[in-house]
Amino acid sequence: MIFYLLRRLAGAVVLLLIVTMAVFAIFFLIPRLGGATSDQLAARYVGKSPSPEAISQVKHSLGLDKSVPEQYGKFVKGMIAGKDYDTGVRKVHCAPPCLGFSFRNNLEVWPRLQDRIPVTLSLAAGAAVIWLIAGVSIGVISALKRGSLWDRFSMGFALAGVSLPPFFTGLVALALFSYQWPIFKGVHYVPFFDNPGSWAWNLVLPWLTLAFLYAALYARLTRAGMLETMSEDYIRTARAKGLRERDVIVKHGLRAALTPILTIFGMDVGLLLGGAILTEQVYSLDGIGKFAVEAITQQDLPEVLGVTMIAAIFVILANLVVDLLYAVVDPRVRT
Amino acid sequence: MTEGARAGDDVKAAQAAEGAADSPDVRERDVLVRVRGLRKHFPIRSGVTRRRAGAVKAVDGLDFDIREGETLGLVGESGCGKSTTGRMVMRLLEPTEGTIEFGGRDITGLSRGQLRPLRRDFQMIFQDPQSSLNPRHTVGTIVGLPFRLQKVTPEGGIKKAVQELLELVGLSPEHYNRYPHEFSGGQRQRIGIARALALRPKLVVADEPVSALDVSIQAQVVNLLDDLQNEFGLTYLIIAHDLSVVRHTSDRVAVMYLGKIVEIADREDLYSSPKHPYTVALMSAVPVPDPARRETRERILLKGDVPSPMDPPPACRFHTRCWKVQDICKTQEPPLAEITGRHQVACHFPENVPAGEGGAVEVVELVKPGAAADVDAAAAGVAEASVTDVDASGAEAADADAGGPTDVAEPKDTPPTSAP
Amino acid sequence: MPRLLPRRKRDTAAETPKLAPAGPPPEADNFLEVRGLTVHFPTDDGLVRSVDGVDFALRRGRTLGIVGESGSGKSVTSLAIMGLHGNTGARIGGEIWLDGQELVRSTPEQVRLMRGRRMAMIFQDPMSSMHPYYTVGHQIIEAYQVHNEVSGKQARTHAIDLLGRVGIPRPDRRVDDYPHQFSGGMRQRAMIAMALSCDPELLIADEPTTALDVTVQAQILDLIRDLQREFNSAVMMITHDLGVVAELADDVLVMYAGRAVEHGPSRTLFEQPRHPYTWGLLGSLTRLDRDRQERLMPIKGSPPSLISLPSGCAFRTRCPYADHNDGREKTEVPQLLEIEPGHRTACHLDIQERERIWTEDIRPRL
Chain A
1 MIFYLLRRLA
11 GAVVLLLIVT
21 MAVFAIFFLI
31 PRLGGATSDQ
41 LAARYVGKSP
51 SPEAISQVKH
61 SLGLDKSVPE
71 QYGKFVKGMI
81 AGKDYDTGVR
91 KVHCAPPCLG
101 FSFRNNLEVW
111 PRLQDRIPVT
121 LSLAAGAAVI
131 WLIAGVSIGV
141 ISALKRGSLW
151 DRFSMGFALA
161 GVSLPPFFTG
171 LVALALFSYQ
181 WPIFKGVHYV
191 PFFDNPGSWA
201 WNLVLPWLTL
211 AFLYAALYAR
221 LTRAGMLETM
231 SEDYIRTARA
241 KGLRERDVIV
251 KHGLRAALTP
261 ILTIFGMDVG
271 LLLGGAILTE
281 QVYSLDGIGK
291 FAVEAITQQD
301 LPEVLGVTMI
311 AAIFVILANL
321 VVDLLYAVVD
331 PRVRT
Chain B
1 MTEGARAGDD
11 VKAAQAAEGA
21 ADSPDVRERD
31 VLVRVRGLRK
41 HFPIRSGVTR
51 RRAGAVKAVD
61 GLDFDIREGE
71 TLGLVGESGC
81 GKSTTGRMVM
91 RLLEPTEGTI
101 EFGGRDITGL
111 SRGQLRPLRR
121 DFQMIFQDPQ
131 SSLNPRHTVG
141 TIVGLPFRLQ
151 KVTPEGGIKK
161 AVQELLELVG
171 LSPEHYNRYP
181 HEFSGGQRQR
191 IGIARALALR
201 PKLVVADEPV
211 SALDVSIQAQ
221 VVNLLDDLQN
231 EFGLTYLIIA
241 HDLSVVRHTS
251 DRVAVMYLGK
261 IVEIADREDL
271 YSSPKHPYTV
281 ALMSAVPVPD
291 PARRETRERI
301 LLKGDVPSPM
311 DPPPACRFHT
321 RCWKVQDICK
331 TQEPPLAEIT
341 GRHQVACHFP
351 ENVPAGEGGA
361 VEVVELVKPG
371 AAADVDAAAA
381 GVAEASVTDV
391 DASGAEAADA
401 DAGGPTDVAE
411 PKDTPPTSAP
Chain C
1 MPRLLPRRKR
11 DTAAETPKLA
21 PAGPPPEADN
31 FLEVRGLTVH
41 FPTDDGLVRS
51 VDGVDFALRR
61 GRTLGIVGES
71 GSGKSVTSLA
81 IMGLHGNTGA
91 RIGGEIWLDG
101 QELVRSTPEQ
111 VRLMRGRRMA
121 MIFQDPMSSM
131 HPYYTVGHQI
141 IEAYQVHNEV
151 SGKQARTHAI
161 DLLGRVGIPR
171 PDRRVDDYPH
181 QFSGGMRQRA
191 MIAMALSCDP
201 ELLIADEPTT
211 ALDVTVQAQI
221 LDLIRDLQRE
231 FNSAVMMITH
241 DLGVVAELAD
251 DVLVMYAGRA
261 VEHGPSRTLF
271 EQPRHPYTWG
281 LLGSLTRLDR
291 DRQERLMPIK
301 GSPPSLISLP
311 SGCAFRTRCP
321 YADHNDGREK
331 TEVPQLLEIE
341 PGHRTACHLD
351 IQERERIWTE
361 DIRPRL
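Protein chains in written order, with this note's numbering: chain A, 1 to 335; chain B, 1 to 420; chain C, 1 to 366.
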């Protein structure tokens, strides 16, 4: 067990390192391989019609005039220890974890992201709870009543959920429940600690929109997993012991059927924490996803880079958590 | 062993001759397959860094010959390395050590390219006809594939040749355009046999050719293999766990235990007077379809399971389960030595050796499970059995992922309680 | 194994014909009595007649071997007795009497209370038959606690005791191991311990040694025999291996395509078999105990589809003597009739003729 934990932990650290390399390569190396000079690169960080001084300033402060390993070293060091930027107007110390400095907005990236993490977190966590409960229950009942009206109906619902994108369902939900029948009027983010009731009330529509997509997916997954598990030999053994059908399903069937779903759940939540782009966009929630979209449309490279790093870290963390949970659930993994 | 080591010679002398296993035996030219010192170790990795922690010694030093036109049966329980051996002879697995000669030519070091022209001379039949036939190909494509691979155009074209092959194995030529799922298990095995025979190989390695089939179908396939051997003078290496199938099909039988051959002899010799205690126990454990004999039959109950091939017992590997075990068995490995004629056995205290001929011969007490008085004792023997922690059958699968769990079995130093 | 059960249709409950009232209860001697058992599975391709009229009786302390090839209905029969066809859409007819209670007409809850307590089952593959996520001990304790109001501690003691009885060394430690930490033979022992947890009077063993090595198979067969003597239970041994049957069974039932074709005492069945299918099975055997016959005498062809069985005698397409019956074999299903006390066969062939074929043609060539 301890070996397993250490191995997974070491794996996560290595993966993190690889991610920084990949991100570095994408943002600094590949353009250069494409033939861009360091001047051209620096220009991308400054904004429209940059002055030559600003460019050389940025070039220097980004270290674009240094060698590649040196640049990478600075890049990593900046994240861990922070670094100083000289914008030409003032010198800025970017405190760790320094994910970069947006020359366009004259702001550090990390504090801006920090403001947005709670939004995305609220959205993702709430939706995850809803879709997990709804998806798994629908899937289990469908599997147990295979071929029934319920099964056909819920699988139709699942098909709809999988095929309708959030920008459609979200807009329809807004049109219906915010304008036609103004139950959830003027959806906006209220911090949880300011007013929990208002926090939840405002998030109901975004949660449902997001959960609809995933619940559908999970219903299908659970149904398939449950059908397979219930035909296993050990389920027959459980019945042969004379266990009540409820115990057979919950204790023996569900536990095994849910294990693979756990993995997917972890990955999905991790991905969502990096930004539920469509849902945030539809409901104008200032989360990480919306931040990413804005950064990309404005071609603000430092912000894009920061968001990428954050998203990658969330995925890696989620993966680690899943691995550890797996070991708790499945005794065969613990070696 | 020289020809001199015949019945009547001292076992010790025969043992001394060990190592000279490839001495000029009778009819050197007849030997089609010659295996010497064959080993296969699968590495095991464990710990944080997945460093090499040991090895599954799936096959650990085999010497045997298969003569032309002869059938060698390789028999043993799961994890004994019989399938690994078959796959090495087929060169589907790289041996860790040792040589395999085919028709006098050493094929161990040959590259894929060098091996290709030789491949047509040795073919394989697999256990599971379900998974060894590509479900998306027609029977015609499957059976015709060897021709295409070897770029051989038979007289009259591939299609005609395939149809002849189908007829040969008892299928109809009209089956040419059908798919494997349209056939029953026995018919699929026939397709596999037709494919193996397409290029008229000299050697056919059959790994558990009938164990996935129903009894009545098994008999059909066994008969078919027999007929084909007579017709084409095939040489077979038949790998099976079923001693009765091996008895029926083989001319010569090798018994394997934990990666080693413990006994090898001509069929009649082996079955009429098995010499290695393991062979004796194995044979006595097979249920015989004769209820009249169930009360009188002598049975030896072995203790526990086969130890893990990751950490086989030292010296004689059978000593942890043997009822005749002595101190020497735990310290000195008995060589595979000739006792009588072509009967070789690796044991310090072989069974069924006439007095005055062998070395130490010991009287064995056997369990008669029918005798009520003995039943409790036998049960107690089971209850005391030393059982090791690792499923030995895992070893066969170890090549797939040698990085699996590595609880290492500790073969216990069981006191030499005899079975009864 | 029942994995090959066909995909079911949902509307079975509505279509299931009303069961006729059960006949009189059997004599007290017969702990288990099966009468005219049918198990049919409706599928998209047609009705699969997995079991089509089987009857037999079994007393306490006796062992019945059920032999047949895959698809003969032997496993389906045992699952029907255990009431484990519950949600497969199977239509079950006939009568199953267990100690005076008729099971086919009982509610699922009544049958559930019998399962594990009065009748228990061991399965072929001990690896896949144990839940990988629970310890061996937990799974035995669970089986014990369903039917007994005992504390967790008592149940655990009982589990350790059982593991010891089936020959697992140091049961007090192994009780907390997971199935994957056991070897194949030990897993089957643990399965047996689980089945025995409530001292069942009927033990059904479905190919209990097929997945095991020969030397381990011998241990397990011995264990089953000893436990049977100890508990005086009735044992149903389902197997394709005639050797296992000869080793253990008092009586043998030979099944073919969902029907019993021969039934009698073990000795009789091996020494004076009176059905061509039984002859075929014996002729197909490779023997360890005899010199090799030049050729085996297999049964020609392969088992028929259970959806479209041949008319009349289901075996006629593979029977070498089918044409000795003036066409009766095509129109009439042979009934399982007693040819001598305790020995029943289902064959149209004249009994004298069969005796002659066996003594003159078959036996000398075995």
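Simulated from the structure, these hints should not be mistaken for laboratory data. Hints should not be assumed to be uniformly reliable.
If you want the footprint, here are the derived chain A segments under chain C, 3+ residues with CB under 8 Å [stated by the list, open to error]:
hint	segment
1	64-75
2	322-331
Below, simulated DSBU-like cross-link-like pairs (lysine-lysine); rule was C-alpha separation at most 30 Å, straight line [what the hints assert, rightly or not]:
hint	chain 1	residue 1	chain 2	residue 2
3	B	K160	C	K300
4	C	K153	B	K202
5	A	K66	A	K83
Beta-carbon label-pair distances, calculated as ranges [unchecked claim]:
hint	chain 1	residue 1	chain 2	residue 2	range
6	B	D227	C	D289	47 to 53 Å
7	B	A292	C	T210	56 to 62 Å
8	B	D266	A	F3	20 to 26 Å
9	B	G341	C	L366	39 to 45 Å
10	B	G341	C	R229	53 to 59 Å
11	C	E230	A	L324	43 to 49 Å
12	B	I328	A	V14	49 to 55 Å
13	C	R328	A	V250	52 to 58 Å
14	C	R229	B	D266	48 to 54 Å
15	B	D251	C	T210	48 to 54 Å
16	C	D172	B	A292	41 to 47 Å
17	B	E231	C	E230	41 to 47 Å
18	B	N177	A	L159	33 to 39 Å
19	B	R342	A	L6	45 to 51 Å
Even for Gly, the Cβ is constructed at its ideal location relative to N, Cα and C.
For each hint, the structure was consulted:
1. Residues of the segment 64-75 of chain A lying with their CB closer than 8 Å to a CB of chain C number 0, which falls below the three-residue condition for coverage.
2. Check result for the segment 322-331 of chain A against chain C: holds, 3 residues qualifying (beta carbon to beta carbon below 8 Å, three or more required).
3. Under the criterion of a C-alpha separation no larger than 30 Å, the hint pairing K160(B) with K300(C) is consistent with the structure, at around 26 Å.
4. Distance check on the hinted pair: K153(C) and K202(B) sit about 65 Å apart at the alpha-carbon level, beyond 30 Å; violated.
5. Taking the CA atoms of K66(A) and K83(A), the gap is about 16 Å. The hint holds against a cut of 30 Å.
6. At roughly 25 Å, the beta-carbon separation of D227(B) and D289(C) lies outside the given 47 to 53 Å, and the hint is violated.
7. A292(B) and T210(C) have their C-beta atoms about 24 Å apart, which leaves the hinted 56 to 62 Å range violated.
8. About 51 Å separates the C-beta atoms of D266(B) and F3(A), a value inconsistent with the hinted range of 20 to 26 Å.
9. In this structure the hint that G341(B) and L366(C) lie 39 to 45 Å apart at CB is violated, the actual value being about 30 Å.
10. For the hinted restraint 53 to 59 Å between G341(B) and R229(C), the CB-CB distance of approximately 44 Å leaves it violated.
11. E230(C) and L324(A) have their C-beta atoms about 46 Å apart, which keeps the hinted 43 to 49 Å range intact.
12. The supplied range of 49 to 55 Å is met by I328(B) and V14(A), whose beta-carbon atoms lie about 52 Å from each other.
13. About 55 Å separates the C-beta atoms of R328(C) and V250(A), a value consistent with the hinted range of 52 to 58 Å.
14. For the pair R229(C) and D266(B), the beta carbons lie near 41 Å from each other, so the given range of 48 to 54 Å is not met.
15. Take D251(B) and T210(C): their Cβ atoms lie about 28 Å apart, and the range 48 to 54 Å is violated.
16. Checked against the hint of 41 to 47 Å, the C-beta distance between D172(C) and A292(B) comes to roughly 43 Å, which is consistent with it.
17. At about 55 Å, the CB distance of E231(B) to E230(C) disagrees with the hint of 41 to 47 Å.
18. Checked against the given bound of 33 to 39 Å, the beta carbons of N177(B) and L159(A), roughly 38 Å apart, stay inside it.
19. Remark: the range hint 45 to 51 Å for R342(B) to L6(A) is contradicted by a beta-carbon distance near 56 Å.
Of the numbered hints given earlier, the model fails hints 1, 4, 6, 7, 8, 9, 10, 14, 15, 17, 19; all others are met.
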